[in-house]
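Chemist: Protein chains in written order, with the working numbering: chain A, 13 to 337; chain B, 13 to 337; chain C, 13 to 337; chain D, 13 to 337.
Because the hints were derived from the structure by calculation, they are not lab data. The model shown is predicted, which means the values in this text are computed figures rather than measured ones. Treat the hints with caution; some may be incorrect.
No copy is singled out in the list; a pair is fine if it fits within one copy or between any two copies.
Straight-line C-alpha distance at most 20 Å; calculated PhoX-like pairs for lysine-lysine [claimed, not checked]: (1) Lys295 <-> Lys201; (2) Lys201 <-> Lys246; (3) Lys246 <-> Lys256; (4) Lys295 <-> Lys256; (5) Lys88 <-> Lys122; (6) Lys115 <-> Lys88.
There are 4 protein chains.
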Amino acid sequence: MINIGIIGGSGYTAGELLRLLANHPEASINFVYSTTNAGSPVASVHEDLYGTLDINFTDTVNPDVDVVFLCLGHGKSLAFLQANAFSADTKIIDLGNDFRLAKDAAFNGKTFVYGLPELNRNAIKSAQYIANPGCFATAIQLALLPLAKNGLINDTVHVNATTGSTGAGVMPSATSHHPWRTGNMSHYKAFNHQHLGEIVQSLQQLQNDFDDEVLFIPNRGDFARGIFATLYTKLNTDFELVVKLYNEFYENEPFVKVTTSSINMKLVLQTNNCFISLEQHGKNILITSVVDNLVKGASGQAIENMNLMFGLEETTGLKLKAAGF
Amino acid sequence: MINIGIIGGSGYTAGELLRLLANHPEASINFVYSTTNAGSPVASVHEDLYGTLDINFTDTVNPDVDVVFLCLGHGKSLAFLQANAFSADTKIIDLGNDFRLAKDAAFNGKTFVYGLPELNRNAIKSAQYIANPGCFATAIQLALLPLAKNGLINDTVHVNATTGSTGAGVMPSATSHHPWRTGNMSHYKAFNHQHLGEIVQSLQQLQNDFDDEVLFIPNRGDFARGIFATLYTKLNTDFELVVKLYNEFYENEPFVKVTTSSINMKLVLQTNNCFISLEQHGKNILITSVVDNLVKGASGQAIENMNLMFGLEETTGLKLKAAGF
Amino acid sequence: MINIGIIGGSGYTAGELLRLLANHPEASINFVYSTTNAGSPVASVHEDLYGTLDINFTDTVNPDVDVVFLCLGHGKSLAFLQANAFSADTKIIDLGNDFRLAKDAAFNGKTFVYGLPELNRNAIKSAQYIANPGCFATAIQLALLPLAKNGLINDTVHVNATTGSTGAGVMPSATSHHPWRTGNMSHYKAFNHQHLGEIVQSLQQLQNDFDDEVLFIPNRGDFARGIFATLYTKLNTDFELVVKLYNEFYENEPFVKVTTSSINMKLVLQTNNCFISLEQHGKNILITSVVDNLVKGASGQAIENMNLMFGLEETTGLKLKAAGF
Amino acid sequence: MINIGIIGGSGYTAGELLRLLANHPEASINFVYSTTNAGSPVASVHEDLYGTLDINFTDTVNPDVDVVFLCLGHGKSLAFLQANAFSADTKIIDLGNDFRLAKDAAFNGKTFVYGLPELNRNAIKSAQYIANPGCFATAIQLALLPLAKNGLINDTVHVNATTGSTGAGVMPSATSHHPWRTGNMSHYKAFNHQHLGEIVQSLQQLQNDFDDEVLFIPNRGDFARGIFATLYTKLNTDFELVVKLYNEFYENEPFVKVTTSSINMKLVLQTNNCFISLEQHGKNILITSVVDNLVKGASGQAIENMNLMFGLEETTGLKLKAAGF
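I would like the entire structure built from these sequences, with the hints used as guidance.
Modeler: Structure, rendered in structure tokens:
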């Protein structure tokens with residue numbers, strides 16, 4: 013069994029980790045760290061775990077766990093690791109954005125590997141530290157990797173993606189207040205979203221000369237879960253060939269499904285899947301990509317990384333019933 | 013023109029008042045008081061008013077307005093009035109619950125009249141101070157008044173009602189956080205809701221010997237606006253007679269519609285209407301009552317009261333397009 | 013492996029069965045019968061199964077499967093079975109309401125057992141034919157069984173329950189048309205819902221003298237999944253004792269959780285769980301019960317029954333990640 | 013008073029017309045034509061009008077009304093007019109798309125004027141026949157007209173817009189079935205939406221040499237009402253100048269509000285307003301445009317056109333309370 017510690021245990025990604033790990037045959041929750049809820053039952057916050065997980069939040073870190081998941085707010089992981097030392101063997105999976113860019117990835121004499129299995133599977137398997145990708149970044153990269161792999165991105169990439177309200181976290185705010193959010197739509201951080209850095213980094217990893225713009229408008233949707241992303245760019249390549257390249261790239265991937273039929277966001281909710289649909293429109297290829305922001309976009313992918321790091325079957329604990337409706 | 017001051021200008025009922033008054037032919041907004049937003053444009057908070065209402069919030073009260081609407085949190089109106097004197101002629105309409113019960117209604121040598129026009133129209137017309145009814149209380153009373161009027165409530169009244177998230181106000185909270193609220197349902201304050209007092213008081217006003225229980229379960233619904241209430245009680249009276257009594261009671265009411273067809277909540281959204289449906293089930297009469305919690309359940313009814321107090325046509329400014337969808 | 017046939021394969025309960033069985037270690041889908049979609053891929057209708065289940069709908073029944081699930085509309089199962097014979101050993105689990113009442117349960121020289129494991133576990137284990145309970149009926153019975161078991165229901169039971177739109181099935185209709193349903197609430201079949209029969213039958217099974225009314229108002233909610241039910245009745249029993257009796261009744265049940273804390277519907281979505289909350293209000297006990305209408309209220313419970321019938325661990329394939337949000 | 017006939021009276025745009033006209037001081041509903049509902053009360057379909065509009069649907073056309081609104085499905089208006097003659101003076105406002113393009117606009121020796129007041133106000137005032145713009149087309153054109161007017165569109169225009177489910181009409185369908193639509197997102201007719209024709213036509217009317225692509229992805233949103241559109245294109249012009257040009261273009265427009273603050277869709281729901289927000293991002297200008305698809309995007313604009321055609325104040329009957337929430 014893998015002894016697991018979770019830091020930042022009150023938030024949505026921690027809750028989703030706990031829900032997933034509850035059914036993971038190799039997972040043993042050692043501690044769930046939360047300064048604000050220390051002493052209270054974990055199920056008092058993640059209430060669906062009532063009767064399933066009967067432990068309390070703690071404000072004490074066990075430095076000897078096999079793996080620790082950092083579910084802190086963005087920008088807080090580095091400070092936490094500087095203040096809390098783990099054993100020399102403890103693996104760390106950071107769900108925040110502190111270590112995702114190569115320029116920030118060095119820590120403690122080692123390097124955080126960017127934990128997108130479809131891009132870095134082998135490096136992940138031998139890594140001790142993982143920077144788990146962002147939710148938008150996951151949906152967008154999976155939509156583009158086969159193009160980059162084949163050196164085909166040679167024009168501006170136009171991205172429009174909408175996220176559910178869980179993406180904004182557990183702390184109530186004006187734009188996640190139900191009266192405002194329900195039946196509404198809006199955008200934020202247009203052209204400036206913080207995930208652009210990791211997206212461009214990955215594209216350049218596969219297509220060294222990539223230097224086109226990625227113009228990205230993120231939207232706030234009227235739903236709790238999911239990311240619906242559309243992307244298009246001009247291609248000089250035959251569409252049938254493109255479809256073939258996508259199918260080849262994802263042929264052995266357990267979680268990515270490629271189709272030329274229309275798709276919708278609900279197909280992947282509550283799963284670790286990413287569905288990708290391809291359409292040709294004149295010179296443009298339109299790529300639609302959908303993920304569950306809390307699963308493939310966060311906690312599911314973190315467990316996928318854990319599985320790879322510990323030599324388990326990648327899908328262990330991640331064969332999830334799709335939401336359907 | 014009626015010079016109007018609004019106290020507690022940042023909240024939902026104040027916003028709805030301003031939206032309604034923007035099209036009221038006799039209304040002139042003199043000031044909108046908000047300590048937290050003083051100096052900022054009203055449209056910076058109630059953003060749909062951008063280009064329509066170009067005034068700023070103020071923290072200064074003009075004591076000489078013709079009417080002041082108190083849109084403070086429940087329990088704060090009395091303290092505000094004790095700290096802020098208005099002219100001897102200024103009318104006051106309190107949307108909070110401080111003065112709704114007869115035992116609390118005395119103030120400044122006068123008495124707050126309970127502002128349910130279908131119950132107290134004449135008293136409202138000559139009142140200086142009005143306690144505007146609660147939202148649940150409005151839907152529930154309108155469902156029961158014709159029975160009480162005819163002395164027909166002689167058994168327990170069972171009430172189940174669901175409210176939109178605007179009912180919980182503009183301050184974000186855990187149970188109005190979008191990820192939690194959307195696709196969810198829950199109840200709160202079962203059998204103990206604070207509106208029971210005013211409901212029973214009104215029933216006893218019409219049916220002096222009324223002393224049966226009103227068992228009320230309030231629910232939190234997954235929508236922003238509206239109240240959907242079902243009520244039933246045992247009757248010894250012929251159903252056709254009951255329908256006749258309801259039709260007579262509401263015959264000349266501009267905002268209450270009685271039917272024996274099935275109804276749904278959306279019929280009244282964005283209007284000052286209350287739809288009431290009557291069904292017979294064995295010995296029970298089932299009454300369904302729907303209102304918009306922010307209009308007939310709050311700000312619309314407050315303006316209806318203002319119209320009555322100033323001798324205007326009761327529907328002035330309240331002929332509103334129904335939401336439809 | 014259990015060879016499985018599914019009849020009425022295009023509907024919601026069939027889709028949910030397929031999603032669940034896709035991860036069931038002992039399940040092998042032999043055929044999915046649909047006259048309207050015969051020849052098309054199952055994943056063309058249940059699109060989330062794309063890449064997971066690569067078989068086509070068929071209009072041919074294999075009479076030798078180990079178990080067949082009937083997912084036809086209510087009232088169509090008997091006709092189907094009369095027209096299509098299965099092997100003498102084939103087990104049948106009917107998700108419709110044709111065989112739920114004892115008076116209708118005889119078929120082919122045998123008897124359909126009412127498949128509520130918390131009530132009839134032993135009979136289910138040895139049954140060949142199962143009548144799977146209705147969704148409302150499941151939520152309501154689980155809320156009341158411990159009272160009935162102890163002979164404590166001695167007054168009218170008042171039930172108000174709201175269901176998601178999947179409860180109305182896959183065929184589009186006026187009251188499940190999105191523009192009408194979203195942000196709306198309504199009731200239907202008040203006091204007359206067809207599940208009342210099976211509810212009363214089960215209560216009488218445990219409490220022979222039960223003859224009180226169950227007054228039930230079913231509502232249409234603005235969400236796709238889930239049932240939120242509140243029930244109350246007058247009790248002469250000490251509340252602490254009642255809590256103790258519920259805890260004892262459900263002590264070894266894998267899917268029912270009893271609490272005295274407040275609960276909400278989302279706690280159980282996408283799971284086979286039922287959460288039950290108990291509150292005392294004067295002489296009334298208030299019981300809140302929540303289930304996922306498609307899982308514990310239909311397909312999950314059907315698989316639970318299959319597990320029992322085939323001697324498997326009851327929770328096989330039913331350890332599901334809760335939706336969370 | 014204006015005598016009004018409505019054709020296709022059972023649909024959403026007809027219902028919205030009737031709701032709006034109920035409060036229009038110059039409107040008199042002469043007949044509401046519906047072959048499917050002839051003989052039934054209008055309020056049996058548009059139920060919120062119960063107690064407000066007490067007339068029946070008819071299958072007889074009165075050819076002498078002052079104005080007729082065609083609320084038929086797209087492509088059915090021409091056939092209807094060929095089969096049903098109106099008086100020589102009767103004005104016609106077609107809410108469908110039959111006559112929107114100049115090449116299709118000739119009828120009966122006259123020409124349908126494209127009814128976007130911000131573009132064609134003077135022509136509308138003297139027109140007898142109006143082709144009312146499409147909902148997406150309204151939001152998109154209002155976002156672009158000031159650029160076209162000043163000859164500034166000189167690169168591809170990228171448009172992403174999401175519509176509410178009322179946009180798909182009153183007939184239930186798979187993609188407007190509540191279980192599928194709620195909590196979901198999808199796109200349709202990408203790069204091929206039928207509104208592109210009228211959009212390009214209007215841009216060329218103002219900017220004769222306009223020949224750039226308009227790449228438009230329409231999405232299905234999880235809400236009943238509203239359109240949320242984002243558009244961007246590369247500009248060589250100073251942003252402050254652009255803002256000035258927008259403000260000038262819309263300076264005297266009663267329904268269009270220009271801002272550089274962030275906006276959201278709910279600001280305009282239930283109103284005839286269009287809010288436009290401008291942002292600069294490097295060389296790109298980002299324009300956000302929101303309308304209510306049933307009001308400014310359909311029936312409200314149709315009444316605006318009627319007001320202009322009959323010499324009324326343009327805002328008559330269109331000073332609507334914003335939904336707020």
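Chemist: All hints, please: hold or fail.
Modeler: Cross-check of the supplied hints:
Taking CA atoms no more than 20 Å apart as the test, Lys295 paired with Lys201 passes between copies only; the shortest distance there is 16 Å, against 29 Å inside one copy. In this assembly of identical chains, the alpha carbons of Lys201 and Lys246 lie at most 20 Å apart only when taken from different copies (18 Å versus 25 Å within one copy). Proximity of Lys246 and Lys256 under a CA criterion of 20 Å is satisfied intra-copy only: 18 Å inside one chain copy versus 33 Å between copies. Proximity of Lys295 to Lys256 under the C-alpha cut-off of 20 Å is restricted to the intra-copy arrangement: shortest distance 17 Å within a copy versus 35 Å between copies.
With identical chains, the CA atoms of Lys88 and Lys122 are at most 20 Å apart within one copy only, with a shortest distance of 19 Å there and 58 Å across copies. When the C-alpha separation of Lys115 and Lys88 is checked against a cutoff of 20 Å, the pair qualifies only within one copy, where the shortest distance is 17 Å, while the shortest distance between copies is 54 Å.
Taken one by one, the earlier hints all hold for this structure without exception.
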